[in-house]
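A.B. asks: Protein chains in written order, with this note's numbering: chain A, 616 to 883; chain B, 95 to 703; chain P, 488 to 757.
No lab work stands behind these hints: they were computed from the structure.
It is possible that part of the hints are untrue.
Straight-line C-alpha distance at most 16 Å; calculated EDC-like pairs for lysine to aspartate or glutamate [stated by the list, open to error]:
| hint | chain 1 | residue 1 | chain 2 | residue 2 |
| --- | --- | --- | --- | --- |
| 1 | A | Lys-828 | A | Glu-790 |
| 2 | B | Lys-452 | A | Asp-864 |
| 3 | B | Lys-693 | A | Asp-684 |
| 4 | A | Lys-791 | A | Glu-832 |
| 5 | A | Lys-682 | B | Glu-657 |
| 6 | A | Lys-791 | A | Asp-864 |
| 7 | A | Lys-681 | B | Asp-695 |
Partner residues aside, some chain B positions facing chain A, computed with beta carbon under 7 Å [as the list claims (entries may be wrong)]:
| hint | residue |
| --- | --- |
| 8 | Trp-270 |
| 9 | Tyr-273 |
| 10 | Ala-368 |
| 11 | Val-469 |
| 12 | Leu-479 |
| 13 | Arg-483 |
| 14 | Leu-508 |
| 15 | Tyr-514 |
| 16 | Met-592 |
| 17 | Asp-606 |
| 18 | Gly-610 |
Label-pair restraints from in silico Cβ distances [as the list claims (entries may be wrong)]:
| hint | chain 1 | residue 1 | chain 2 | residue 2 | range |
| --- | --- | --- | --- | --- | --- |
| 19 | A | Thr-619 | B | Asp-613 | 23 to 33 Å |
| 20 | P | Ile-676 | A | Pro-773 | 34 to 44 Å |
| 21 | A | Asn-648 | B | Glu-559 | 46 to 56 Å |
| 22 | A | Arg-679 | B | Lys-648 | 16 to 26 Å |
We put the CB at the ideal spot given by N, CA and C, even for glycine.
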Amino acid sequence: MIDTLTEIIRLFNLDWMSHLPVAASDRAADLDNFIRYIHYLMLALFVGWSGYYLLVLYKFGWTRPKKADYHGARTHASTYLEVTVAVVEVVLLVFFAIPLWAKVVESVPSPENSTQIRVMAQQFGWNFMHPGQDDMFGKQRFDLVNETNKFGRDMEDPNGQDDIFTLNEIHLPVEKEVVFHVSSLDVIHSFKVIALRMCQDAIPGLSIPVWCKPLKEGRYQINCAQLCGNGHSAMTGGFLNIDSQSDYDSWLALNTPADGPAAVGGFE
Amino acid sequence: MESTDSHVHHEDGHGHHDPGFWRKYVFSTDHKMIGIQYGLTSLLFMLLGFFLIALMRWSIAYPGQPVPVVGYLLHAIMGDMASPVLDPQTRELIGYAISNDLYNSFGAMHGTIMVFLAVVPLAFAAFGNYVVPLQIGAPDMAFPRLNMASYHLFLLGGLIMFASFFIPGGPAQAGWTSYSPLATSIPTDGQFYWLVAMVVIITSSLLGAVNFIATIIQLRAPGMTWMRMPFFCWAQFVTAFLLLLAFPPLEVGALLQLMDNVAGTSFYLPTGLAISTLSDVSGGGSPLLYQHLFWFLGHPEVYVLILPAMGVVSEIIANNTRKPLWGYKSLVYSVLVLGFLSFIVWAHHMYLTGMGTKISTFFQTTTMIISIPSVIILTCLFISLWGGRIRFNTPMLFALAFLPMFGIGGLTGLPLGFNYSDILLHDTYYVIGHFHYVVAPGTIFALIAGIYFWYPKMTGRYMSEFWGRVHFWCSFVFMNLTFQPMFAQGMAGMLRRMADGGVGYSIANNPDAIGGLADRYLQLNVNITLAAYALGISQIPFIINLFYSIKNGKKVESDNPWESTTLDWQTPTPPPHGNFVGPIKVVNGPYEYSVPGAKADYIPQNQKA
Amino acid sequence: MEVPYTDTNRPDTGLYNAKVGIWLFLASEVMLFGALFSAYILLRVGAMPGHWPTGLLDVGPGFVNTLVLILSSVTVVMAWASLKLNDFKKFKFYQGITVICALLFVVIKSFEYKSKFTHHDVILKDGMRVDGHLVEETDEFIVLSHPVSYPAEKGIRERAVAIKEAEHHAHEAGGDHHHEDRKIMLDDIEKRTTWGPWANTYLAIYFTLTGLHALHVIAGALVIAYFWGPGSKMWKTHPEQFANRIEVSGLFWHFVDLVWIFLFPILYLL
Ligand code: HEA
Ligand code: HEA
Ligand code: CUA
Ligand SMILES: [Cu+2]
Numbered sequence: 616m617i618d619t620l621t622e623i624i625r626l627f628n629l630d631w632m633s634h635l636p637v638a639a640s641d642r643a644a645d646l647d648n649f650i651r652y653i654h655y656l657m658l659a660l661f662v663g664w665s666g667y668y669l670l671v672l673y674k675f676g677w678t679r680p681k682k683a684d685y686h687g688a689r690t691h692a693s694t695y696l697e698v699t700v701a702v703v704e705v706v707l708l709v710f711f712a713i714p715l716w717a718k719v720v721e722s723v724p725s726p727e728n729s730t731q732i733r734v735m736a737q738q739f740g741w742n743f744m745h746p747g748q749d750d751m752f753g754k755q756r757f758d759l760v761n762e763t764n765k766f767g768r769d770m771e772d773p774n775g776q777d778d779i780f781t782l783n784e785i786h787l788p789v790e791k792e793v794v795f796h797v798s799s800l801d802v803i804h805s806f807k808v809i810a811l812r813m814c815q816d817a818i819p820g821l822s823i824p825v826w827c828k829p830l831k832e833g834r835y836q837i838n839c840a841q842l843c844g845n846g847h848s849a850m851t852g853g854f855l856n857i858d859s860q861s862d863y864d865s866w867l868a869l870n871t872p873a874d875g876p877a878a879v880g881g882f883e
Numbered sequence: 095m096e097s098t099d100s101h102v103h104h105e106d107g108h109g110h111h112d113p114g115f116w117r118k119y120v121f122s123t124d125h126k127m128i129g130i131q132y133g134l135t136s137l138l139f140m141l142l143g144f145f146l147i148a149l150m151r152w153s154i155a156y157p158g159q160p161v162p163v164v165g166y167l168l169h170a171i172m173g174d175m176a177s178p179v180l181d182p183q184t185r186e187l188i189g190y191a192i193s194n195d196l197y198n199s200f201g202a203m204h205g206t207i208m209v210f211l212a213v214v215p216l217a218f219a220a221f222g223n224y225v226v227p228l229q230i231g232a233p234d235m236a237f238p239r240l241n242m243a244s245y246h247l248f249l250l251g252g253l254i255m256f257a258s259f260f261i262p263g264g265p266a267q268a269g270w271t272s273y274s275p276l277a278t279s280i281p282t283d284g285q286f287y288w289l290v291a292m293v294v295i296i297t298s299s300l301l302g303a304v305n306f307i308a309t310i311i312q313l314r315a316p317g318m319t320w321m322r323m324p325f326f327c328w329a330q331f332v333t334a335f336l337l338l339l340a341f342p343p344l345e346v347g348a349l350l351q352l353m354d355n356v357a358g359t360s361f362y363l364p365t366g367l368a369i370s371t372l373s374d375v376s377g378g379g380s381p382l383l384y385q386h387l388f389w390f391l392g393h394p395e396v397y398v399l400i401l402p403a404m405g406v407v408s409e410i411i412a413n414n415t416r417k418p419l420w421g422y423k424s425l426v427y428s429v430l431v432l433g434f435l436s437f438i439v440w441a442h443h444m445y446l447t448g449m450g451t452k453i454s455t456f457f458q459t460t461t462m463i464i465s466i467p468s469v470i471i472l473t474c475l476f477i478s479l480w481g482g483r484i485r486f487n488t489p490m491l492f493a494l495a496f497l498p499m500f501g502i503g504g505l506t507g508l509p510l511g512f513n514y515s516d517i518l519l520h521d522t523y524y525v526i527g528h529f530h531y532v533v534a535p536g537t538i539f540a541l542i543a544g545i546y547f548w549y550p551k552m553t554g555r556y557m558s559e560f561w562g563r564v565h566f567w568c569s570f571v572f573m574n575l576t577f578q579p580m581f582a583q584g585m586a587g588m589l590r591r592m593a594d595g596g597v598g599y600s601i602a603n604n605p606d607a608i609g610g611l612a613d614r615y616l617q618l619n620v621n622i623t624l625a626a627y628a629l630g631i632s633q634i635p636f637i638i639n640l641f642y643s644i645k646n647g648k649k650v651e652s653d654n655p656w657e658s659t660t661l662d663w664q665t666p667t668p669p670p671h672g673n674f675v676g677p678i679k680v681v682n683g684p685y686e687y688s689v690p691g692a693k694a695d696y697i698p699q700n701q702k703a
Numbered sequence: 488m489e490v491p492y493t494d495t496n497r498p499d500t501g502l503y504n505a506k507v508g509i510w511l512f513l514a515s516e517v518m519l520f521g522a523l524f525s526a527y528i529l530l531r532v533g534a535m536p537g538h539w540p541t542g543l544l545d546v547g548p549g550f551v552n553t554l555v556l557i558l559s560s561v562t563v564v565m566a567w568a569s570l571k572l573n574d575f576k577k578f579k580f581y582q583g584i585t586v587i588c589a590l591l592f593v594v595i596k597s598f599e600y601k602s603k604f605t606h607h608d609v610i611l612k613d614g615m616r617v618d619g620h621l622v623e624e625t626d627e628f629i630v631l632s633h634p635v636s637y638p639a640e641k642g643i644r645e646r647a648v649a650i651k652e653a654e655h656h657a658h659e660a661g662g663d664h665h666h667e668d669r670k671i672m673l674d675d676i677e678k679r680t681t682w683g684p685w686a687n688t689y690l691a692i693y694f695t696l697t698g699l700h701a702l703h704v705i706a707g708a709l710v711i712a713y714f715w716g717p718g719s720k721m722w723k724t725h726p727e728q729f730a731n732r733i734e735v736s737g738l739f740w741h742f743v744d745l746v747w748i749f750l751f752p753i754l755y756l757l
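Only chain A is shown next, with the shape it has when bound in the complex (with noise of 0.2 Å):
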């Protein structure tokens, strides 16, 4: 009995909770117990409306009585209900929602602690800007910005001479934050990171910081999320290796250039 109830759940894949993906993050259980928390609310309303219904449906239509009844139900049960349910919303929303939301946006982790990644998405991939060695940007500007000088780099900063510029695949060490300064080149897009539970909106003419730190070595998926023209659904050559620290800093010194960046900045 058991199992073919599983059996049909499965089936049909009424097991919502069952499909969430791989979480490689630091504030994935956060999510994901989240969103399971909400679901638990959902499926408490629909089980128990569902049962209700089936009920009046047998009670009232199947075998239905000789005459209706003018006043209806005379309780007071359905206020108390739209009370627990505004209850438990606010509870989400004042205990979980707010605060969860607050901690990823608000303390952006500074550079000091932190790796810093710009990205500037085009029509189809995405460009990182890397600090290098020094943990330094070069100073950016968005008048600056165009085909060849894609991040907007003031070429002057000496800040900027050993930053490194990557298309679609960047690396980072793993167990360390990171923030991410989205940005676009063309349209919007949306830089998402399913596995890492990360997504924002790639917007041209704003750099916003979007960060975590990443729990699983590995190389991540980077998923466009915002539809940004003919080449939305192949824009899939975004990858976040994420890997060990000597790794890491191997590719890091493999890839710093060694007198300055290519001329113009950014790459061809």
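On the provided structure of chain A, position chains B and P with the ligands as indicated by the hints.
C.D. replies: Below, chains B and P with the ligands without anything else, positioned relative to chain A:
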């Protein structure tokens, strides 16, 4: 114009002045004819919206494979946008597949057509026009000629939108949301047509909204006090206000985008843009400005889609449980609160545009608050069933199915309404599942229920009960098979607006990457597509039933075949010009069913108990 | 059955249908211009430093137009009041002034537009930028009056100030202000535009706001002119209804004036 055709119909004009074909069917100022015009036009558009999604679903399930049968037709109409597919061995042409451009065009058009050209005109304009003046005891709308103009503008807008299928490059490709700069950067005229059509449609809606509100305020029959108004009229009243006040900002949004596209302005184009098709813009604009203008309409708009549906369902439930609606006053207040709140939740569609804590707290709080009146409305409708003497006729079946279907759609709005969970679910199929549950098995079921319900008043005949049941059960099953698996897909992170149904992000495509999509979700794409086709086929009995029954349906026994209390049934069938035979005086509330001690189990609003 | 309350008031609301209709319509118009004003604020707040001009427009014509519209607002009320007092002649007189005011407004506005469209913004190959009004154009060169030149990257805010000065103190040549016309060879020009809506975000919103407003003025003027001319026959047959129509069109006219009262300061003064 009047004289040319009038002799054709002269026989049946006994004594009355016969208005002639053009005046009667095309340039009619009678609210009932205009309602029917809106209804038929919007049903045609709904069918078109379905055909589009049918083609898209093919591309999702079988990306890059030639579309059977209609592929060649598609190529004939859309030219190179249908991409030729060659046999890998023989290099021979074996058909035409949906290109990414075509997919995006169809996606934008499916959304636009379903929302602005199918559901709104059907739910608001068609039912509103036909039923509201009857229910409040008015001879017509307050401004009959304006009413006619609204319909003609709507038709014009629809035709412009339709025409864009036949221009080079095809229709708009930037989603029904038409976000800038994408909408400005695609180098075809499709977006221009979209914008012009939207401005025309919006103008039509504004005129319609003015007319509805004025009608309800001014033309209620003597005795029809506010609290005696059927809930359907309340729902339409609030809907009209939403259209009146929310549409102008979208009109501004469209106008500014039009300026960007044709006058070279940079309202939505920021400094630092490097798009080859937009090389020479002045910059300084803001892409988010467009999103705010769009969603300021967008959210009220979704209540425009649902409130009339709730109104229809309420009427049918009261009638077929043979008892008053439970909590009529709560329903009325809830719908008013809902209408008001819907103006201050819009940015919950924009959580991931980089929103700080303060603003997002405001919007998710209002979003949670707005779910409360929805819960109250649904609760009232559920409890209304208690103690009833339920008749399971076709309209009632659809109305009953509305309740849990809207419930599922509404409940799945909650995890989207919290910004934290939206991080995972945003722009996935979870969102698609959420809103289709509210608009398809929700609104569409309610509207179909309304068609079965008011059909006898419009034509004097019933639609076939048997085929109605077939239609219902098939639609019910396939709706759920279509949309239910989308929640699993969305939870797994499958993104929307993917021409290839997510193949590009699948594990198969990137075996060494973490976070790819498992095969089972791609398999679900196929299941969903087949279910959607079955859903489409399930509408055939309905379409035949609808037209066949006009002449051949079972005749109604009386002017009030459902034994209803509201004024729309206290008229001749079909109601003549001017609607009522004598002056109307309302003496009862809207749902005096099964009044203890009364002879019949219903007391019409204009009859003394 | 006729639609009731077309010319009489419904007792419980105290209004006739058209009046309800126009108020609702105006509510939607408020949302329309409200959204545009919000767009204005957002664009202005988001503008990069130095890229939002103040004092780019001549206050003079804008101020005259403000007076013109205020006058027309008065006459439109007087016209309606005259009808209520059964004085058709006076109605004709006052409403005639309203129509003339509307025309005057549009004429002044179009001169303002013209001066923007003839304003040339020329970027030279040597990295300088010249602003001025086109006075002559041939296949080889153009001539600009009141030319002002500065480095090409100068923001519109400073340019606007410099241009104002050049125009007002054209006689006191000094600094890099040239008081005589400047001839520029086409070969020296890198890029050349005029001050249409494409020039910058400020002009974009300026043209959009005032353009949409001007359309409202024209539409309102057409309606009012119709009721002043051929439509006034109705006075003989349905005086009540005619007075109502004048009242309704007057309400619309007041709204159009009110919008200008907001437009004038935010575009010309702030
Ligand atoms: C008719 C249309 C409609 C309706 C009514 C709603 C209702 C709601 N919507 Fe939905 N929504 C859309 C149409 C609609 N929506 C559309 C079209 C989109 C996508 C647009 C796009 O991006 O293209 C969208 C997207 C959307 C988003 C953005 C998601 C994203 O892009 O990331 C959000 C986020 O907050 C949201 C929230 C809500 C909420 C909280 C409600 C609430 O009002 C729901 C309240 C209802 C309930 C809480 C149900 C209560 C029920 C019971 C108590 C009984 C249950 C019993 C049984 C089931 C038996 N919606
Ligand atoms: C009211 C709105 C509405 C309605 C009713 C529907 C109905 C349906 N929608 Fe759609 N949909 C949208 C609004 C709507 N949709 C929007 C706004 C989007 C987002 C677009 C974007 O990304 O920009 C979208 C996107 C969307 C997608 C995602 C595409 C993508 O992201 O790439 C999918 C995928 O399956 C889909 C499927 C369907 C299906 C199977 C139906 C079915 O339910 C269809 C059922 C209908 C029928 C079977 C036709 C019935 C016909 C009649 C009853 C007429 C009878 C005719 C006569 C009598 C003449 N829709
Ligand atoms: Cu980039 Cu979608
Ligand atoms: Cu919404």
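A.B. asks: Hints first: check each against the structure and report whether it holds.
C.D. replies: Hints and how they fare:
no.	hint	in the structure
1	A:Lys-828 x A:Glu-790	holds (6 Å)
2	B:Lys-452 x A:Asp-864	violated (39 Å)
3	B:Lys-693 x A:Asp-684	holds (15 Å)
4	A:Lys-791 x A:Glu-832	holds (11 Å)
5	A:Lys-682 x B:Glu-657	holds (15 Å)
6	A:Lys-791 x A:Asp-864	holds (13 Å)
7	A:Lys-681 x B:Asp-695	holds (11 Å)
8	Trp-270	violated (10 Å)
9	Tyr-273	holds (6 Å)
10	Ala-368	holds (5 Å)
11	Val-469	holds (6 Å)
12	Leu-479	holds (5 Å)
13	Arg-483	holds (4 Å)
14	Leu-508	holds (6 Å)
15	Tyr-514	holds (5 Å)
16	Met-592	holds (4 Å)
17	Asp-606	holds (6 Å)
18	Gly-610	holds (6 Å)
19	A:Thr-619 x B:Asp-613: 23 to 33 Å	holds (25 Å)
20	P:Ile-676 x A:Pro-773: 34 to 44 Å	holds (37 Å)
21	A:Asn-648 x B:Glu-559: 46 to 56 Å	holds (49 Å)
22	A:Arg-679 x B:Lys-648: 16 to 26 Å	holds (22 Å)
Hint compliance for this structure: hints 2 and 8 are broken, all remaining hints hold.
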